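**Student:** These protein sequence lines are chains A and B, in that order.
FYI, the numbering for the first sequence is 1 to 465, going by this note's numbering.
FYI, the numbering for the second sequence is 1 to 465, going by this note's numbering.
Check before you lean on any hint, since a few could be wrong.
A few chain B residues facing chain A, derived, Cβ under 10 Å [to be verified]:
id: 1; residue: PHE7
id: 2; residue: SER8
id: 3; residue: TYR25
id: 4; residue: TYR36
id: 5; residue: LEU65
id: 6; residue: ALA83
id: 7; residue: ILE98
id: 8; residue: VAL116
id: 9; residue: PHE135
id: 10; residue: THR139
id: 11; residue: GLN141
id: 12; residue: ASP402
As a list, the in silico DMTMM-like pairs of lysine to aspartate or glutamate whose alpha-carbon atoms are at most 25 Å apart [to be verified]:
id: 13; chain 1: A; residue 1: LYS79; chain 2: B; residue 2: ASP93
id: 14; chain 1: A; residue 1: LYS447; chain 2: A; residue 2: GLU427
id: 15; chain 1: B; residue 1: LYS246; chain 2: B; residue 2: GLU76
id: 16; chain 1: A; residue 1: LYS328; chain 2: B; residue 2: ASP22
id: 17; chain 1: A; residue 1: LYS23; chain 2: B; residue 2: ASP97
id: 18; chain 1: A; residue 1: LYS79; chain 2: B; residue 2: GLU95
id: 19; chain 1: A; residue 1: LYS28; chain 2: B; residue 2: GLU68
id: 20; chain 1: A; residue 1: LYS373; chain 2: A; residue 2: GLU183
id: 21; chain 1: A; residue 1: LYS444; chain 2: A; residue 2: GLU454
id: 22; chain 1: A; residue 1: LYS73; chain 2: B; residue 2: ASP53
id: 23; chain 1: A; residue 1: LYS23; chain 2: B; residue 2: GLU95
id: 24; chain 1: A; residue 1: LYS23; chain 2: B; residue 2: GLU59
id: 25; chain 1: B; residue 1: LYS28; chain 2: A; residue 2: GLU68
id: 26; chain 1: A; residue 1: LYS73; chain 2: A; residue 2: ASP197
id: 27; chain 1: B; residue 1: LYS345; chain 2: B; residue 2: GLU301
id: 28; chain 1: A; residue 1: LYS140; chain 2: A; residue 2: ASP123
id: 29; chain 1: B; residue 1: LYS424; chain 2: B; residue 2: GLU391
id: 30; chain 1: B; residue 1: LYS328; chain 2: A; residue 2: ASP123
id: 31; chain 1: B; residue 1: LYS140; chain 2: A; residue 2: GLU95
id: 32; chain 1: A; residue 1: LYS79; chain 2: A; residue 2: GLU59
id: 33; chain 1: B; residue 1: LYS373; chain 2: B; residue 2: GLU392
id: 34; chain 1: A; residue 1: LYS73; chain 2: A; residue 2: GLU138
id: 35; chain 1: B; residue 1: LYS79; chain 2: A; residue 2: GLU95
id: 36; chain 1: B; residue 1: LYS328; chain 2: A; residue 2: GLU59
id: 37; chain 1: A; residue 1: LYS73; chain 2: A; residue 2: GLU239
id: 38; chain 1: B; residue 1: LYS363; chain 2: B; residue 2: ASP456
id: 39; chain 1: B; residue 1: LYS79; chain 2: B; residue 2: ASP456
id: 40; chain 1: B; residue 1: LYS23; chain 2: A; residue 2: GLU59
Worth flagging that the hints you see were computed from the coordinates, not collected in a lab.
What you are looking at is a predicted structure, and each value in this text was computed from that prediction instead of being measured.
All C-beta atoms, glycine included, are put in the ideal place defined by N, C-alpha and C.
There are 2 protein chains.
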Amino acid sequence: MRKSDDFSEWYNEVVEQNELTDKRYPIKGMNVWPYYGWKTWLLIGSIVRREFDLRGHQEVYFPLLIPEDQFQKEKEHIKGFDAQVFWVTRAGDNELDIPLLLRPTSETAMYPIFSVWIRSHADLPLRIYQIVNTFRYETKQTRAFIRVREIQFIEGHTCHASYEEAESQIREDLEIMKNIAEELCLPYKVIRRTEWDKFPGALYTYGVDTMLPDGRALQIASIHQYRTNFSIPYNIYFEEEDGSRKPVHQTTYGMSERMLGAVVAIHGDDTGLIIPPSVSPVQVLVVPVPVKGEAERITGEARKIYDAVSSLGFRTRFDDRDIRPGNKYYYWERRGVPLRLEIGKREIDEGFVTAVRRDSRAKIRIDITDLQKGIGDILHDIASSLLRRAEESASRMEFDADRPEGIREGYNRMSWCGREECGKNIEERSGGSLLGTPVGESGKKGKCVICGEETDGIAIVARTM
Amino acid sequence: MRKSDDFSEWYNEVVEQNELTDKRYPIKGMNVWPYYGWKTWLLIGSIVRREFDLRGHQEVYFPLLIPEDQFQKEKEHIKGFDAQVFWVTRAGDNELDIPLLLRPTSETAMYPIFSVWIRSHADLPLRIYQIVNTFRYETKQTRAFIRVREIQFIEGHTCHASYEEAESQIREDLEIMKNIAEELCLPYKVIRRTEWDKFPGALYTYGVDTMLPDGRALQIASIHQYRTNFSIPYNIYFEEEDGSRKPVHQTTYGMSERMLGAVVAIHGDDTGLIIPPSVSPVQVLVVPVPVKGEAERITGEARKIYDAVSSLGFRTRFDDRDIRPGNKYYYWERRGVPLRLEIGKREIDEGFVTAVRRDSRAKIRIDITDLQKGIGDILHDIASSLLRRAEESASRMEFDADRPEGIREGYNRMSWCGREECGKNIEERSGGSLLGTPVGESGKKGKCVICGEETDGIAIVARTM
Numbered sequence: 001m002r003k004s005d006d007f008s009e010w011y012n013e014v015v016e017q018n019e020l021t022d023k024r025y026p027i028k029g030m031n032v033w034p035y036y037g038w039k040t041w042l043l044i045g046s047i048v049r050r051e052f053d054l055r056g057h058q059e060v061y062f063p064l065l066i067p068e069d070q071f072q073k074e075k076e077h078i079k080g081f082d083a084q085v086f087w088v089t090r091a092g093d094n095e096l097d098i099p100l101l102l103r104p105t106s107e108t109a110m111y112p113i114f115s116v117w118i119r120s121h122a123d124l125p126l127r128i129y130q131i132v133n134t135f136r137y138e139t140k141q142t143r144a145f146i147r148v149r150e151i152q153f154i155e156g157h158t159c160h161a162s163y164e165e166a167e168s169q170i171r172e173d174l175e176i177m178k179n180i181a182e183e184l185c186l187p188y189k190v191i192r193r194t195e196w197d198k199f200p201g202a203l204y205t206y207g208v209d210t211m212l213p214d215g216r217a218l219q220i221a222s223i224h225q226y227r228t229n230f231s232i233p234y235n236i237y238f239e240e241e242d243g244s245r246k247p248v249h250q251t252t253y254g255m256s257e258r259m260l261g262a263v264v265a266i267h268g269d270d271t272g273l274i275i276p277p278s279v280s281p282v283q284v285l286v287v288p289v290p291v292k293g294e295a296e297r298i299t300g301e302a303r304k305i306y307d308a309v310s311s312l313g314f315r316t317r318f319d320d321r322d323i324r325p326g327n328k329y330y331y332w333e334r335r336g337v338p339l340r341l342e343i344g345k346r347e348i349d350e351g352f353v354t355a356v357r358r359d360s361r362a363k364i365r366i367d368i369t370d371l372q373k374g375i376g377d378i379l380h381d382i383a384s385s386l387l388r389r390a391e392e393s394a395s396r397m398e399f400d401a402d403r404p405e406g407i408r409e410g411y412n413r414m415s416w417c418g419r420e421e422c423g424k425n426i427e428e429r430s431g432g433s434l435l436g437t438p439v440g441e442s443g444k445k446g447k448c449v450i451c452g453e454e455t456d457g458i459a460i461v462a463r464t465m
Numbered sequence: 001m002r003k004s005d006d007f008s009e010w011y012n013e014v015v016e017q018n019e020l021t022d023k024r025y026p027i028k029g030m031n032v033w034p035y036y037g038w039k040t041w042l043l044i045g046s047i048v049r050r051e052f053d054l055r056g057h058q059e060v061y062f063p064l065l066i067p068e069d070q071f072q073k074e075k076e077h078i079k080g081f082d083a084q085v086f087w088v089t090r091a092g093d094n095e096l097d098i099p100l101l102l103r104p105t106s107e108t109a110m111y112p113i114f115s116v117w118i119r120s121h122a123d124l125p126l127r128i129y130q131i132v133n134t135f136r137y138e139t140k141q142t143r144a145f146i147r148v149r150e151i152q153f154i155e156g157h158t159c160h161a162s163y164e165e166a167e168s169q170i171r172e173d174l175e176i177m178k179n180i181a182e183e184l185c186l187p188y189k190v191i192r193r194t195e196w197d198k199f200p201g202a203l204y205t206y207g208v209d210t211m212l213p214d215g216r217a218l219q220i221a222s223i224h225q226y227r228t229n230f231s232i233p234y235n236i237y238f239e240e241e242d243g244s245r246k247p248v249h250q251t252t253y254g255m256s257e258r259m260l261g262a263v264v265a266i267h268g269d270d271t272g273l274i275i276p277p278s279v280s281p282v283q284v285l286v287v288p289v290p291v292k293g294e295a296e297r298i299t300g301e302a303r304k305i306y307d308a309v310s311s312l313g314f315r316t317r318f319d320d321r322d323i324r325p326g327n328k329y330y331y332w333e334r335r336g337v338p339l340r341l342e343i344g345k346r347e348i349d350e351g352f353v354t355a356v357r358r359d360s361r362a363k364i365r366i367d368i369t370d371l372q373k374g375i376g377d378i379l380h381d382i383a384s385s386l387l388r389r390a391e392e393s394a395s396r397m398e399f400d401a402d403r404p405e406g407i408r409e410g411y412n413r414m415s416w417c418g419r420e421e422c423g424k425n426i427e428e429r430s431g432g433s434l435l436g437t438p439v440g441e442s443g444k445k446g447k448c449v450i451c452g453e454e455t456d457g458i459a460i461v462a463r464t465m
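Chain A extracted, bound-state conformation (with noise of 0.2 Å):
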């Protein structure tokens, strides 16, 4: 299957062919990891888990199971989530008498033990994240990792003394988010969601979004300002230094495994995967070239470099299987490992390595006694190209449109007044989804597109996945 003639069904076989997810689960929307797919994912947890370390957020973990009551306390919140919850009723031969419902998010797990937690204003600020899995009861077609029923999900909740310091946390998430993408080669875009489609119970939403090779935008990460929406009926407040009570303001940061979603639908090709360097579970691939009389001794020499890359810190894999090196080739190409050594003869006998790229099948000569920088440079380089060649091909998709209808396939840009009627209308009449305004784009003066009123508020508006 080619990328380019059909990305829905290459999509979903490229996930299911390279060990990456198994739909052969009796529950749909649940999917089983292999380790390859499981791998990739926790290699994606331990950058998200660096980047908060370092700047003092805390790892926690809270039950997966909430008790209804506790649900209910957050209006807008029950409303936004009351269709997608799975609820625990019974448990062993016992009928509850309070149902518990699957986290479908960790706000109202969370809230009512931040408010015994946060006392005075030395227990602020609170920043704590988790690494769990989620529930949400998806009525849509379910897609792997991009829409399923359990997900996989890194959420960072904090609390701060007032708005300011709330809004400076959300600009040190989007410096998060951009060492995050980064590493993951994706190019994204920040945008503050319409007041219908923020998160149930946020003053507002920035979306981080991804455009996917058909044209449709992925949200893969977001970020909230709660203010005082839930700290006030959670009751989370905080003693001043004059003695005076305030409730905290709080933010939150949610990430998904749509990460790796947009890792396979951006990077790959129409052999397979290619996965970026800094989340590929084999960086470096070894592979034995033997000929004719000499197999054993190129077998010998081959696996003494697979031993010298592994010890220089590259996850490397040797493979030596009974098949031909072109097969060898060709199953981990699909599999995306994104550097390739074949060792042969010649290789051996002149003392170097020969180098494959898998973005750009480009070879390149190593000598022996540059395994470390050799390998290295290539590595951030193929980095380099993947997020340049996503930016390209991203940047080709964005459009500014002067009416809403006809949108092409990606980001439209258009003129709106910001009035949730001329918004609702920009949907209906495009068929697209009104993403909301760019954040840090500063628009220039025109026309809504619905009412013609000036303006210099722009709407973002694409197909979602």
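Guided by the hints, dock chain B onto chain A, whose structure is given.
**Tutor:** Leaving out everything else, chain B in the frame of chain A:
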């Protein structure tokens, strides 16, 4: 609360007051893991991961929810777990056609998939593990880490071509157990469970028990030989080289957050926790001890030492809070940090640090030029001492008994013919549990304490947590 006065109360206090757990979550047996506790558990998990990974076991993730019909294929298994299962019966506004249960363990989630993964002998052995949340509706009194309803669990599952290969896997599991227990400084006994106490569906079960200070045994891990008891009902067959079709032989290996409970219970003292260096979130604490007029210089120099120790790869914390050094010492002693470095005027002027061990309180002078080896050696010695101390106290709780009545606090070893009738009689008359027969100990001839028959069978009897 002194540990020796009331172990049970001491345990509850020490886990709650030192940020290992927070029991204020409103569901019984489902506790919050604050940062310090969660980090300790993550470190235990990373030791297990290392042991599995280096032997080629692959980490995966299977869905949490299991359809009722899939769960019920192995009759003994369902009987064993039925009363302990949480059921999801509703999603959004819909009653589910087939109720879904929260995994109490993942045999029934995994095995239908194994039956499609495994086709031929070339797919064997299959060796995977996962680190996940599991759920059991405990009706007994709950206790942090030891008896909870949401359990952090590590489960290894293997499939083999023959019974002998499965047996050899179990020997490898015991080797893994040895390495993990050594890192946690925990003595343990491997005990083959009785027929009526083995894992539901297993051919046999090895329990891995450790002895708590109050004389009760705690199972911290278990290893199961399933033979073909699951592979036949779940249709996990493989084709042999000769073309014949055979059911695979299976084993599992389970470990849980009880390992953390044992660490707390066994190593702690009247002051608080003592966490073994390998899993302590903070291995080395650095405290400046300022004197008047030189506070700034001393704190600055201490911070340099903190930086140096950190960069050597030790998990290090610098405590520069504006409270007296003595309060810091006490705070971190209670939290179980194995080693503290005190840095005052004399230390800086003479170029050394004063290291204070948490376990023995011994003070050791380490030259500033010798930090790596100096600290490394002490941490190593702390681990050895913790293990030795724990072994000594466990061995003081082993007794030979010639009748079931009046068993003592600890392991009570008695002759047993092996018959269920006599075994149940032992439990009734002793008031303890018959843990089973010790693995790898050769019994000496004796007479069954119930029926008087000559036997070299041994029963270990103890009260359990």
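**Student:** The structure should be examined with respect to each hint, and the outcome stated for every one.
**Tutor:** How the hints compare with the structure:
1. Here the hint on B:PHE7 is broken, as its CB sits about 26 Å from the closest CB of chain A, past 10 Å.
2. The beta carbon of B:SER8 comes no nearer than 23 Å to any beta carbon in chain A, farther than 10 Å, and the hint placing it at the interface is violated.
3. Taken as an interface hint, B:TYR25 checks out: its beta carbon lies about 6 Å from the nearest beta carbon of chain A, inside 10 Å.
4. With 10 Å as the threshold, the beta carbon of B:TYR36 comes within range of chain A, its nearest partner Cβ sitting at about 9 Å, so the hint holds.
5. Against a cut-off of 10 Å between C-beta atoms, the interface hint on B:LEU65 holds, since the closest Cβ of chain A lies about 6 Å away.
6. Residue-level restraint check for B:ALA83 holds (minimum Cβ-Cβ distance to chain A is 4 Å; threshold 10 Å).
7. Checking B:ILE98 against chain A by beta carbon gives a least distance of about 9 Å; that is within 10 Å, so the hint holds.
8. With a cut of 10 Å, the hint placing B:VAL116 at the interface with chain A holds, because the nearest CB-to-CB distance is about 6 Å.
9. At a threshold of 10 Å, the smallest CB-CB gap from B:PHE135 to chain A is about 8 Å, leaving the interface hint in force.
10. Among the interface hints, the one on B:THR139 holds; its C-beta lies about 7 Å from the nearest C-beta in chain A, closer than the 10 Å criterion.
11. This hint is violated: B:GLN141 has a C-beta 16 Å from the nearest C-beta of chain A, more than the 10 Å allowed.
12. Violation of the interface hint for B:ASP402 is found here, the shortest Cβ-Cβ separation to chain A being roughly 41 Å, above the 10 Å cut-off.
13. For a cut-off of 25 Å, the pair hint linking A:LYS79 to B:ASP93 stands: about 13 Å separates their Cα positions.
14. Between A:LYS447 and A:GLU427, the direct Cα distance comes to roughly 17 Å. Compliance with the 25 Å bound is thereby established for this hinted pair.
15. Straight-line distance between C-alpha atoms of B:LYS246 and B:GLU76 comes to about 22 Å, which keeps the hinted pair within the 25 Å bound.
16. Under the criterion of a C-alpha separation no larger than 25 Å, the hint pairing A:LYS328 with B:ASP22 is inconsistent with the structure, at around 51 Å.
17. For a cut-off of 25 Å, the pair hint linking A:LYS23 to B:ASP97 stands: about 20 Å separates their Cα positions.
18. Using a Cα cut-off of 25 Å, the hinted pair A:LYS79 and B:GLU95 holds, with the two alpha carbons roughly 19 Å apart.
19. Under the criterion of a C-alpha separation no larger than 25 Å, the hint pairing A:LYS28 with B:GLU68 is consistent with the structure, at around 15 Å.
20. Among the hinted pairs, A:LYS373 with A:GLU183 is consistent with the structure: their alpha-carbon atoms are about 19 Å apart, no more than 25 Å.
21. The suggested pairing of A:LYS444 with A:GLU454 holds, with an alpha-carbon distance near 11 Å, which does not exceed 25 Å.
22. For the hint pairing A:LYS73 with B:ASP53, the CA-to-CA distance comes to about 44 Å; that exceeds 25 Å, so the pair is violated.
23. This hinted pair checks out: A:LYS23 and B:GLU95 have alpha carbons roughly 24 Å apart, not beyond 25 Å.
24. The straight-line distance between the Cα atoms of A:LYS23 and B:GLU59 is roughly 18 Å, inside the 25 Å bound, and the hint therefore holds.
25. A threshold of 25 Å between alpha carbons decides the hint, and for B:LYS28 with A:GLU68 the separation of about 15 Å falls inside it, so the pair holds.
26. For the proposed pair A:LYS73 and A:ASP197, the alpha carbon gap of about 21 Å is at most 25 Å, so the pair holds.
27. Pair hint B:LYS345 plus B:GLU301 holds up; C-alpha atoms about 10 Å apart against a cutoff of 25 Å.
28. Between A:LYS140 and A:ASP123 the CA atoms are separated by roughly 42 Å; this puts the pair beyond 25 Å, and the hint is violated.
29. The straight-line distance between the Cα atoms of B:LYS424 and B:GLU391 is roughly 30 Å, outside the 25 Å bound, and the hint therefore fails.
30. Distance restraint check for B:LYS328 and A:ASP123: the Cα-Cα separation of roughly 18 Å lies within the 25 Å cut-off, and the hinted pair is therefore satisfied.
31. Between B:LYS140 and A:GLU95 the CA atoms are separated by roughly 18 Å; this keeps the pair inside 25 Å, and the hint holds.
32. Proposed proximity of A:LYS79 and A:GLU59 is contradicted: the alpha carbons are some 29 Å apart, above 25 Å.
33. Taken as a hint, the B:LYS373 and B:GLU392 pair is broken in the structure, with Cα atoms around 28 Å apart against an allowance of 25 Å.
34. Restraint check: the Cα-Cα separation between A:LYS73 and A:GLU138 comes to about 23 Å, which is no more than 25 Å; the hinted pair holds.
35. Of the pairs offered as hints, the one joining B:LYS79 and A:GLU95 holds, with about 19 Å between alpha carbons and a cut-off of 25 Å not exceeded.
36. Restraint check for B:LYS328 and A:GLU59: satisfied, since their Cα atoms lie roughly 23 Å apart, inside the 25 Å limit.
37. Between A:LYS73 and A:GLU239 the alpha-carbon distance is near 23 Å, which keeps this suggested pair within the 25 Å criterion.
38. Restraint check for B:LYS363 and B:ASP456: not satisfied, since their Cα atoms lie roughly 50 Å apart, outside the 25 Å limit.
39. Distance restraint check for B:LYS79 and B:ASP456: the Cα-Cα separation of roughly 33 Å exceeds the 25 Å cut-off, and the hinted pair is therefore not satisfied.
40. The hinted pair formed by B:LYS23 and A:GLU59 meets the criterion: a straight-line CA distance of about 18 Å does not exceed 25 Å.
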